[in-house]
Amino acid sequence: MAHSCKAYARLNTQICRAQYPERGKLLSTMRYKNYSNNSNYFWLALLFLLLFGGFRFVILLFGITLAILINFFPIIVIGFIGYSLLKTIRHNTGIHTNIKSTTVSHQRFTEILIRIIAHVIHSDGHVSDKELAIVIQCFHRIGFPHSRISWLMDLLQSALKQNPPLAELCTEFNASFQYQSKLILLDMVCQVAIADGSVHTNERQIIQEICQRLAIRPHDRTAFEHQYFNRSTARTNHDRYAECIAILELSGRPDIAEIKQSYKKLCKQYHPDKVQHLGQEYRTIADKKIKAITQAYQYLKSHA
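Residues 10 to 313 (this note's numbering) are what the sequence shown spells out, left to right.
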């Protein structure tokens with residue numbers, strides 16, 4: 010009889026689970042009230058242990074741990090400082106090794122340039138990883154080797170953190186470099202500004218301020234405007250003629266004699282050898298300037 014009752018109970022349970030599967034889940038996950046005192050006995054035993062000598066042991070253990078920390082704390086601090094110094098020494102040594110072959114003028118020019126570029130890319134209030142990559146790409150484009158990228162990144166990150174005033178940077182640049190170097194700097198700044206395909210209003214304002222503080226001549230400003238900011242896929246002959254007039258620092262409709270005179274003067278004035286001290290990378294920009302002057306001369310000569 011008892012066996013049949015147990016069988017009936019099992020059968021009834023299976024039927025209930027089949028009809029109400031969610032109840033089966035509830036029964037399998039439900040936490041039932043447990044009236045066992047096993048955990049209570051454990052805590053009671055622990056209290057007795059602390060009361061009859063165990064508390065002294067805990068205090069002793071805490072004291073030993075504290076003493077170890079106090080004794081080893083200076084070693085931990087010194088170790089951390091030593092690690093930081095070694096890391097900085099390794100970082101600086103790597104950069105120094107990569108730039109030691111460059112001139113002091115090259116290093117100072119690059120540092121001021123990077124700090125001014127930092128003002129341009131930070132003009133909209135934030136700096137993205139994409140903008141940092143664009144800056145590096147612009148330096149790659151003029152021939153900067155991969156070995157100096159860590160130096161450029163270090164300068165750029167430092168400039169973004171310190172953010173020295175633009176007026177102070179331009180004053181330092183005016184005191185250290187001649188006019189041809191200013192054009193190299195402005196060319197690099199413009200390259201960075203247009204590298205993402207558009208120029209923000211704040212970037213244009215900062216570039217205008219740079220031109221004012223570096224005393225960039227009106228003809229050169231106009232030439233940069235045509236070269237970087239007034240480019241169009243549907244340029245007319247009139248646009249090209251106006252651009253060439255600006256490049257050769259002329260006005261109106263000059264005759265062939267005026268064109269030749271201006272061409273000779275500018276070739277002498279902007280000769281790449283005058284920026285040789287800045288390094289081969291920046292000389293390529295001066296080469297580009299001479300090429301633009303030559304092309305403008307040939308165009309105006311053919312339309313004179």
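For the record, the hints were derived by calculation from the structure and aren't laboratory data.
Since we're looking at a predicted model, the values are computed, not measured.
It is possible that part of the hints are untrue.
[To be verified] Derived BS3-like pairs (lysine-lysine); straight-line CA-CA distance at most 25 Å: (1) K300 - K310; (2) K297 - K274; (3) K277 - K300; (4) K297 - K310; (5) K269 - K283; (6) K269 - K300; (7) K283 - K300; (8) K139 - K109; (9) K273 - K297; (10) K310 - K277; (11) K300 - K274; (12) K283 - K297; (13) K277 - K297; (14) K297 - K269; (15) K310 - K273; (16) K170 - K96; (17) K170 - K139; (18) K283 - K109; (19) K310 - K274; (20) K273 - K300; (21) K283 - K273; (22) K109 - K96.
[Stated by the list, open to error] Cβ-Cβ distance ranges computed for the label pairs, FRET-style: (23) D282 - R117: 28 to 34 Å; (24) N246 - E267: 16 to 22 Å; (25) S311 - H105: 49 to 55 Å; (26) G134 - I265: 46 to 52 Å; (27) A76 - G134: 48 to 54 Å; (28) I145 - Y92: 39 to 45 Å; (29) I265 - Q116: 41 to 47 Å; (30) H155 - S311: 39 to 45 Å; (31) D138 - H280: 34 to 40 Å; (32) N107 - C276: 32 to 38 Å; (33) E267 - H209: 36 to 42 Å; (34) H105 - N172: 22 to 28 Å; (35) D138 - L56: 24 to 30 Å.
We put the beta carbon where it would ideally sit given N, CA and C, even for glycine.
Handout entry: Violated hints - listed by number, lowest first
Key = The structure conflicts with hints 8, 23, 28 and 35, although it agrees with all the remaining ones.
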